[in-house]
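Since the structure of chain C is provided, determine the placement of chain H on it from the hints.
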Amino acid sequence: MGIANRKELEARRKALHKANENVKTHVRVCSGTGCAALGAFEVYDALVKESKKAGLPVQVELEPCGKEKDPLFVSLTGCQGFCQIGPLVHILPDDILYTGVKVSAVKDIVEKTLAGGQVVEKLLYKNPEDKKRLKGRADIPFYKGQELVALEGCGSVAADSLDSYVASGGFSSLAKALKMDPDQVISEVEKSGLRGRGGGGFPTGRKWRSCVSAEGDERFVICNGDEGDPGAFMDCCIMEGDPYRVIEGMIICAHAVGSSTGFIYVRHEYPRAVERLSLAVKTCEENGLLGKKILGSDLDFDISVARGGGAFVCGESTALMRSIEGSVGEPRAKYVRSVQRGFRDKPTVLNNVETFACVPSIINEGSDWFTSRGTEKSPGTKAFCLVGKVVNTGLIEVPMGTSLRDVVFGMGGGIIDGRPFKAVQTGGPSGGCLGEDHLDLPVDFDALAKAGSMMGSGGMIVMDDRTCMVDVAKYFLKFLMEESCGKCVPCREGVYQLHAMLDKLSRGEGEPQDLEKIQRLGKEIQVSSLCGLGKSAPNPVLSTLKNFREEYEAHVNDKRCPAGVCRDITTFTIDPDKCTGCLVCKKACPPDAISGEKKQVHIIDQDKCTQCGACRLVCKFDAVVTN
Amino acid sequence: MYIYIDGKKISAKDGESILEVANRNEIYIPTLCHHEALDDVGACRVCMVEITHKDWGGWRNLVTACLYPVEEGLVISTSSEAVRRSRGTTLDLLMARCPTSDVIRWMAEENGEISVRYEQIDDGSKCIMCSLCVRACERMGCNAIGTVGRGHDKKIAPPFFENPENCIGCGACAAICPTGHIEVNDTRTTREIWDKKFNFVACEGCGEPVLTEEYRDYAIANRDLPADYYTTCSACKKKKLASHFDKVGS
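Those protein sequence lines, which keep their order, are chains C and H.
Each residue of the first sequence is one higher than the one before, starting from 664 at the first, in the numbering used here.
Each residue of the second sequence is one higher than the one before, starting from 16 at the first, in the numbering used here.
Pulled out of the complex, with its shape left as it was, chain H reads as follows:
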């Protein structure tokens, strides 16, 4: 099928979202709660685009690009006046919520209009409740963190705000966080995240940290990975592989 993004005719497949097609064609649509490895939820609302169709009698609608499934002849605008207004309001609201976040500020600047017009809530938090961390943790199979409460007081936290029992210290939540809100403190031998302390497994080759002991145990029990995955750091793995090819070559 063919769809039109900002006037360009583009081929798309049934079942794809607007965002997938746009990304494949290097058409930029800003996102905050999207990650290709996870299911989309449409929470951040910054990927809003305006759609219409020649058969719709002029009717237009704002939808989130990450969730809207493409259909033949769909006409999409990624930066119409309505899109910019909606996106601008969303980013303004986020700037009021997380005034210290650079990512939000950049994105708002890029949208064209910066006007912090709303009451700022400066509690130092950079969390925009995109839930990427929760979904990443869920995908890891740990479910160590979740959303707590509702409305404006909603938080991301471990159960009962205590040290999360299920956390294996993989750090996926911190790595995926778009605003850098989740704190992770690493030393050469230890990691601290969600107020829980972990010891690193040292690389057999160079002694650099590989993964946490809990992560190792969890992976051994739940994943089918080569044995050196747990004992060797990626740099040493590379070296080992290179020397293997060297031998095969000679």
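One chain only, chain C, in its complex shape:
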């Protein structure tokens, strides 16, 4: 059944909306990567089976002319955000969020909640502060202060269902955009101040306009889904959880810039994103939302899903385009911009997944609605992946300008085990680490850049006092060294040398002049490299050197790692005053280096110790200390 024009879309939306309204209870099972790994699909199957067994009027598809009265709609949604405590089952309209749901708990949910209308207390989220059970998203601190724009449908619409998306108002923005002049659409996006969510923060409207004014008989629209930063999974969640929104954003862009061909470039390591996007593209084609004369307008637009091989550098726009062309994914100099000469040397708009996901709301609600959120220079909201040594890890979306403190200590719930906060790393591998004095920094493009880090695509890695900043810088440089495409000298050889110097430091072989050398080389790599990867590759070391210089100095001057991470210069000993003789560290020690009887002070045999740190990790009394 196709949707030939706006009227048919509206009719279908109304019918589906009504069907949706008739649903008495929504049961939304999160099928984001984290929950899926913990068995969400099995939970979903069990929920459907058990509900049917209990005689409940189960529906797994929205049925406009369903026979059941007051049906129960069980759906698989995209990521609901709180990955830490999955699998999640969200029940509406009562807003009950069940966490850590296992197949064995399904019977309880069906009998007590779905049939009996009661809440299963033990499946509710337990607030670590006061140990109280909190019922729904409205009560849980993790969800407070969040505002969903790009993630609006992620976690609420059924991820692989066009009907579910249409019922939630999907494609109405496209219908509205197609009534508008392309120039009007661009003006609206310009006025919204939307900036590229992939990290660069380039104004999206301006990009679209330059593409229109560039010379060329053909234009392309490309969606960059090659998210590769360690610890970042926002785009993955959007592609998996709300693929139709991305497609709608791209069609609106195609209308605005006059393109008839689009690509979504997704890395091969995101198999479910590839699968759901491919299915969504196919469904859109079958329903006339992609192809010729979309919604009865003059717009012809096709989308192909292109799979990337997993090279980090292919997230760089020019390398990405070369990769789709079938060449080796190496960047080229951008003295001539991609909007003028991009894919196949034709004008090309390349935007990130999250950017396209923001577009439908901007067109539907208007630019004023969008600019009422966020800061003046960075309007709107931004999705972040909160990971690392933070109590609540997961996917969040907050208005731009929210402080790092609100994110880490509000939604994030602070540091695990109440340890001191040390730094938060933003912007992916080429971002920077910001310390405690930056906690009140409003998170937006300019503030982060000014502080020596960057927005990046939105990864946020929280670190505690047991994280060594030299080690962190070394880790990211190793990543970048291996992921450099190897085309230009400063990046290929320079990052290698930076890593070698940091390695020297972490082995306690650093010399006083090394810090100066690192700084000088880092700065030259920034100005001399060919592409953005190289230009930003020294950031992890330069920002940590700036914000945590004393830690570097301890490695060089005292041959000591204050965080007790760098093995070669760390010795673990047991503080006899604190040791209770509980035997826990003794059991945890892999090389059996710890001796001692119960209730007697333990001792570490330095000849056997491999400095793995397992004892310190398990000790509840902070009795294991480092030099």
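Just so you know, these hints were derived from the structure itself, not from any lab.
Built from N, CA and C at the ideal position, the CB exists for glycine as well.
Check the hints yourself; a few may be wrong.
Subject to a maximum C-alpha distance of 30 Å in a straight line, what follows is the list of computed BS3-like cross-link-like pairs (lysine-lysine) [stated by the list, open to error]:
| no. | chain 1 | residue 1 | chain 2 | residue 2 |
| --- | --- | --- | --- | --- |
| 1 | H | LYS141 | C | LYS1198 |
| 2 | C | LYS997 | C | LYS1040 |
| 3 | C | LYS997 | H | LYS169 |
| 4 | C | LYS1180 | H | LYS253 |
| 5 | C | LYS1198 | H | LYS170 |
| 6 | C | LYS798 | C | LYS732 |
| 7 | H | LYS69 | C | LYS997 |
| 8 | C | LYS1113 | C | LYS1198 |
Covered, in the sense of this in silico footprint (three residues per stretch, anywhere, with C-beta under 8 Å from a C-beta of chain H), are these stretches of chain C [said to hold, decoys possible]:
| no. | segment |
| --- | --- |
| 9 | 987 to 996 |
| 10 | 1137 to 1151 |
| 11 | 1190 to 1198 |
Leaving out everything else, chain H in the frame of chain C:
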């Protein structure tokens, strides 16, 4: 249009790169990955120059001369402090990578400051990954070699590191290599390159090697060249032509 290189006003054409204009005017900008017969890629970064413009409000930038297209009034410095620092770092890094390469050492000496400050990787390789060989091979139409892998371990190699099936032994890769990294072993009758052996076609006139048999077959199939191109060496061709003119003259 006019541009200014090191204070000299110079005329330039739309679409030219800074390097093209500089070369035409005999202004020296060092290069390693540039060749006039091939498309530029901006890989070696030694042709870095500093640009600014009277309308840019004092903003300056480092760009590669080989790729940056000229524009009216562009002000270029080929050896400013920033250029020398950037170029010096690049050459220092290359010296650490290929300590045995004379070309890199000369170029670094010329830049003014030699300081091998980085950990040397002395694996005997002189390859600086400029990719001139790959581009030359591509231009020949053979694609026998390519870049393999990425990052610091990137290499130039035939597919699967095996004898390259497509190689015709033309030797363009070795001839164009700026550091002499690619080995080619010629005898009077044979050539060995990329671990592959070729037989030379002997000149009909003097018996000197002309080209490899594979190159001859490839050229016959793909190029429209005079028949004696494959059978006569360039010295004999010259002689033949001279005697032809001799006859015409008399």
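Cross-check of the supplied hints:
| no. | hint | in the structure |
| --- | --- | --- |
| 1 | H:LYS141 / C:LYS1198 | holds (26 Å) |
| 2 | C:LYS997 / C:LYS1040 | holds (25 Å) |
| 3 | C:LYS997 / H:LYS169 | holds (23 Å) |
| 4 | C:LYS1180 / H:LYS253 | violated (58 Å) |
| 5 | C:LYS1198 / H:LYS170 | holds (22 Å) |
| 6 | C:LYS798 / C:LYS732 | holds (27 Å) |
| 7 | H:LYS69 / C:LYS997 | holds (22 Å) |
| 8 | C:LYS1113 / C:LYS1198 | holds (16 Å) |
| 9 | 987 to 996 | holds (count 3) |
| 10 | 1137 to 1151 | holds (count 8) |
| 11 | 1190 to 1198 | holds (count 4) |
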